[in-house]
Amino acid sequence: MRRALLAITGLAAGTTALVVLKGAPGTSQAAQDRPVAEAPVVPGGSAAPGPAPGGVTPSARPGASAKPSAKAGASRAPGTRTSATTRVTTRATTAAPRTTTSAPKVTTRTVTGPVVSYRYGSLQVRITLSGSRIVDATGLGMPLDGQSGLRSDDVQARYSGSSGEVVAKQSANLNTVSGATYTSTAYKQSLQAALDKA
Amino acid sequence: MTYQDTYATGRRTGPSAPYGGRPAAPVPPGVPRRGPGGRRALSAVFWLGLVAAVLPWWLATPPGSLADTTGLLTAAGRITGLVAGYLLLVQVLMMSRLGALERRLGGERISRAHRDVGATLLVAVLAHLALLVVGYARMEKNSILGQVGALLTHYEDMVSAFVAAGIMVAVGLTAVRGVRRRLPYELWHHLHLTSYLALLLGYGHQFSNGAQLYEPGPVRTGWIAAYLLVVAALVWGRLIVPLRFNLRHRLRVADVVAESPDTISIYLTGHRLNQIDLLGGQYFRWRFLNPGCWWQSHPFSLSAAGNGRWLRLTVKVVGGHTAELRDLRPGTRVWAQGPSGTFTAAHRTRERALLIAGGSGIAPLRAMLEELPPGAALIYRARTPADVLLHNELDWLAQARHTSVWYVVGSRDDPGPRQVMSPEGLRRLVPDLTRRDVYLCGPGGLVEEAVRALRRAGVPRRQIHLATFEL
Chain R
1 MRRALLAITG
11 LAAGTTALVV
21 LKGAPGTSQA
31 AQDRPVAEAP
41 VVPGGSAAPG
51 PAPGGVTPSA
61 RPGASAKPSA
71 KAGASRAPGT
81 RTSATTRVTT
91 RATTAAPRTT
101 TSAPKVTTRT
111 VTGPVVSYRY
121 GSLQVRITLS
131 GSRIVDATGL
141 GMPLDGQSGL
151 RSDDVQARYS
161 GSSGEVVAKQ
171 SANLNTVSGA
181 TYTSTAYKQS
191 LQAALDKA
Chain X
1 MTYQDTYATG
11 RRTGPSAPYG
21 GRPAAPVPPG
31 VPRRGPGGRR
41 ALSAVFWLGL
51 VAAVLPWWLA
61 TPPGSLADTT
71 GLLTAAGRIT
81 GLVAGYLLLV
91 QVLMMSRLGA
101 LERRLGGERI
111 SRAHRDVGAT
121 LLVAVLAHLA
131 LLVVGYARME
141 KNSILGQVGA
151 LLTHYEDMVS
161 AFVAAGIMVA
171 VGLTAVRGVR
181 RRLPYELWHH
191 LHLTSYLALL
201 LGYGHQFSNG
211 AQLYEPGPVR
221 TGWIAAYLLV
231 VAALVWGRLI
241 VPLRFNLRHR
251 LRVADVVAES
261 PDTISIYLTG
271 HRLNQIDLLG
281 GQYFRWRFLN
291 PGCWWQSHPF
301 SLSAAGNGRW
311 LRLTVKVVGG
321 HTAELRDLRP
331 GTRVWAQGPS
341 GTFTAAHRTR
351 ERALLIAGGS
361 GIAPLRAMLE
371 ELPPGAALIY
381 RARTPADVLL
391 HNELDWLAQA
401 RHTSVWYVVG
411 SRDDPGPRQV
421 MSPEGLRRLV
431 PDLTRRDVYL
441 CGPGGLVEEA
451 VRALRRAGVP
461 RRQIHLATFE
471 L
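Just so you know, the sequences run in chain order R and X.
Residues in the first sequence are numbered from 1 upward in steps of one, following UniProt numbering.
Residues in the second sequence are numbered from 1 upward in steps of one, following UniProt numbering.
Same shape as in the complex, but just chain R (with noise of 0.2 angstroms):
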């Protein structure tokens, strides 16, 4: 017994030692706001500095200004979110001097819709534009695992990305996904104000 009350107090130790050195704010504040911080660098100096740093570093962290609900879905988004932040910068870092060089007018941006909450957890929708084209979209903060999870990921799949249904009907007028309607809907949301607001 003696035994058995050493390895559930190892249990509990080894869980909140894991937990705390995985949120410890030293290490990790830094992994991620690495990519959010060289990103403006280069479209400030390319072409326009005003919007791209003030449309990219917000949305970098959605859970700094939204509720602590919608961080906590930002908070399950591992490789995954952070990958998509890291993919949409350089996409648009790598497509900022193409722009320049072809049509010097052409301003790569990204614009965050607000934060939606909806029955299995919140998100917010960020478009990329090249102009006033729509190249790429992505939903921040969506639930990551369990139902949620994967109702998050078919509304993804269907709608984000530079081959997705907003890039191809360039408007929130989107069909919902069935068995998601909740999360297609909250992302429907979030991309009408983002567009309302580009």
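A couple of the hints might just be wrong.
Covered stretches of chain X, going by a simulated chain R footprint (3 or more residues, C-beta under 8 angstroms) [to be verified]:
1) 54-62
2) 67-77
3) 106-116
4) 206-213
Label pairs and their computed distance ranges (CB to CB) [said to hold, decoys possible]:
5) X:R428 - R:A17: 29 to 37 angstroms
6) R:A12 - X:G178: 18 to 26 angstroms
7) X:V159 - R:D154: 21 to 29 angstroms
8) R:D154 - X:P218: 20 to 28 angstroms
9) X:V169 - R:A12: 16 to 24 angstroms
10) R:A12 - X:A100: 26 to 34 angstroms
11) X:R115 - R:V20: 27 to 35 angstroms
12) X:L228 - R:V20: 32 to 40 angstroms
Chain R is nowhere near these chain X residues, computed Cβ spacing over 12 angstroms in every case [claimed, not checked]:
13) A41
14) L87
15) A119
16) A124
17) T174
18) R177
19) R181
20) V235
21) L239
22) F245
23) L247
24) P299
25) P373
26) Y407
27) G458
28) Q463
No lab work stands behind these hints, which were simulated from the structure alone.
Here the structure is a predicted model, which means the values were calculated and not measured.
Backbone N, C-alpha and C define an ideal beta-carbon position, used for all residues, glycine too.
Here the structure of chain R is known, so what remains is to put chain X in place on it, guided by the hints.
Leaving out everything else, chain X in the frame of chain R:
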């Protein structure tokens, strides 16, 4: 050598005629040692597995994502979930009767580990459930109960997962010693068997909802492989190996002999008995295939070392099952599973040994005596002279293998036994106590008391080997 003021009657020089017409066994140079290396390797594998189970979470969680309470709760819930999943597999694996485990760990250690891991598993499951429900409820701004409802209705495989958790709670509660004593053995046993169901029912939700497991990839594949391995071990250890053993050896009861008013020896014969890889002190799980007993399986040690002609177990009649064994007829088929256990001469760390037996605990020690190098010592505690079993054989072995035997007769509170079972008393009987391996077999009380005395006398823990009656 007679010990004053005790009932210890000193070393007996029994009749020189060997028991049962068997010649005194030639002194083999000692059975090959199976040191603690295997055990250490197994425990290393266990810890590596635990790390491997939690590692996916560590790698997949972005640093800095755990800044608020909800994130912390769900993260902790996820870790405890992974740990619980892993421990459940370990639990079932330990009960798979896999030869590799039973030879390296031994029944005593396995059942102790099973109990400890079980308690930890139950706590991990409950923590996993509580943390995730609270975490999700906060995230989705639900009440706790509302969240449980949402989990049950909107999430795949969650109903079965909750049932699995319920089974584990029931099994865990009935395993608490106080509760278990009050339950009939059969009820406890059947409830315990339902934990295999928990393995099945808990399986689904890990893969349909688990943050680390639902995405195809090496992690998911690894978990599924672990599941398959455990199930394979279960089938192998519980079905295939025993089936092969029994088809090969076809054991039957040859004779039932009364050793004392409440102790019987059962002699078994069969085919190819000389091919069983058997060490003195090991036990089998026996199933006597007569109408009254076939569905009960009980572990009993062999009370004679392997001799290629017969096997013998010596059993004290304590309960209904053992009373029925008294009426076994010669020719009854026997289903045996084994041999298992690390309570053997091969697992000693020193050259010499001291054996301490209580009552019918003499059985495995008697078998082991034949394989220990000469110079061993045996202290035999018995309540009354009639409780001294296998008396003639012990005297014969004492002579043939130069073993000192002391019979310490009397109740626990008599001055003699009390004096002998103290650090000073033991040291006076066996001056080189600390340089010997000590093998203890008997009722729980005696074993505990003896361990305490031995530890106080300075015997290192790894030199003490236990076989308690309690399962």
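Outcome of the hint check:
Counting residues of the region 54-62 of chain X whose beta carbon lies closer than 8 angstroms to any beta carbon of chain R gives 6, which meets the minimum of three for the stated coverage. For the region 67-77 of chain X, the stated coverage by chain R is satisfied: 9 residues place a CB nearer than 8 angstroms to a CB of that chain, which reaches the threshold of 3. Chain R is given as covering the region 106-116 of chain X, and this holds because 3 residues of the stretch bring a CB closer than 8 angstroms to a CB of that chain, at least three being needed. Look at the region 206-213 of chain X against chain R: 4 of its residues bring a Cβ nearer than 8 angstroms to a Cβ of that chain, three or more, so the hint holds.
The hinted window of 29 to 37 angstroms between R428 of chain X and A17 of chain R is violated, with their beta carbons roughly 50 angstroms apart. In this structure, A12 of chain R and G178 of chain X meet the distance hint of 18 to 26 angstroms, their C-beta atoms being roughly 24 angstroms apart. For V159 of chain X and D154 of chain R, the Cβ-Cβ distance of about 22 angstroms falls inside the hinted range of 21 to 29 angstroms, so the restraint holds. Between D154 of chain R and P218 of chain X the beta carbons are some 24 angstroms apart, a value that agrees with the proposed interval 20 to 28 angstroms.
The given range of 16 to 24 angstroms is respected by V169 of chain X and A12 of chain R, whose C-beta atoms sit roughly 18 angstroms from each other. A beta carbon spacing of about 32 angstroms between A12 of chain R and A100 of chain X agrees with the range 26 to 34 angstroms that was offered as a hint. At roughly 30 angstroms, the beta carbons of R115 of chain X and V20 of chain R sit within the given window of 27 to 35 angstroms. About 35 angstroms separates the C-beta atoms of L228 of chain X and V20 of chain R, a value consistent with the hinted range of 32 to 40 angstroms.
The non-interface label for A41 of chain X is consistent with chain R: the shortest C-beta to C-beta separation is roughly 20 angstroms, beyond 12 angstroms. Here L87 of chain X does not stay apart from chain R, with its beta-carbon only about 9 angstroms from theirs, under the 12 angstroms limit. Consistency note on A119 of chain X: stated as away from chain R, yet its beta-carbon is not over 12 angstroms from all of that chain's, at 4 angstroms minimum. Here A124 of chain X does not stay apart from chain R, with its beta-carbon only about 6 angstroms from theirs, under the 12 angstroms limit.
Against the 12 angstroms criterion, T174 of chain X stays outside the reach of chain R, whose nearest CB is about 16 angstroms from its own CB. Not every Cβ of chain R is farther than 12 angstroms from the Cβ of R177 of chain X; the closest lies at roughly 8 angstroms, contradicting the non-interface assignment. The non-interface label for R181 of chain X is consistent with chain R: the shortest C-beta to C-beta separation is roughly 15 angstroms, beyond 12 angstroms. Interface exclusion of V235 of chain X from chain R stands, the closest Cβ pair being 28 angstroms apart, more than 12 angstroms.
The claim that L239 of chain X lies off the interface holds: its Cβ sits roughly 30 angstroms from the closest Cβ of chain R, which is beyond the 12 angstroms cut-off. Annotated as non-interface, F245 of chain X keeps its C-beta farther than 12 angstroms from every C-beta of chain R; the closest such distance is 32 angstroms. No Cβ of chain R comes within 12 angstroms of the Cβ of L247 of chain X; the nearest lies about 39 angstroms off, and the non-interface call holds. No beta-carbon of chain R is positioned within 12 angstroms of the beta-carbon of P299 of chain X; the least distance is around 22 angstroms.
The Cβ of P373 of chain X lies farther than 12 angstroms from every Cβ of chain R, with a closest approach of about 33 angstroms, so its non-interface assignment holds. Chain R leaves Y407 of chain X outside its interface by the beta-carbon criterion, the shortest separation being 34 angstroms against a cut-off of 12 angstroms. Every beta carbon of chain R lies more than 12 angstroms from that of G458 of chain X, the smallest distance being close to 22 angstroms; the non-interface claim holds. Listed as a non-interface residue, Q463 of chain X keeps its Cβ farther than 12 angstroms from every Cβ of chain R; the least gap is roughly 20 angstroms.
When each numbered hint is compared with the structure, violations occur for hints 5, 14, 15, 16, 18.
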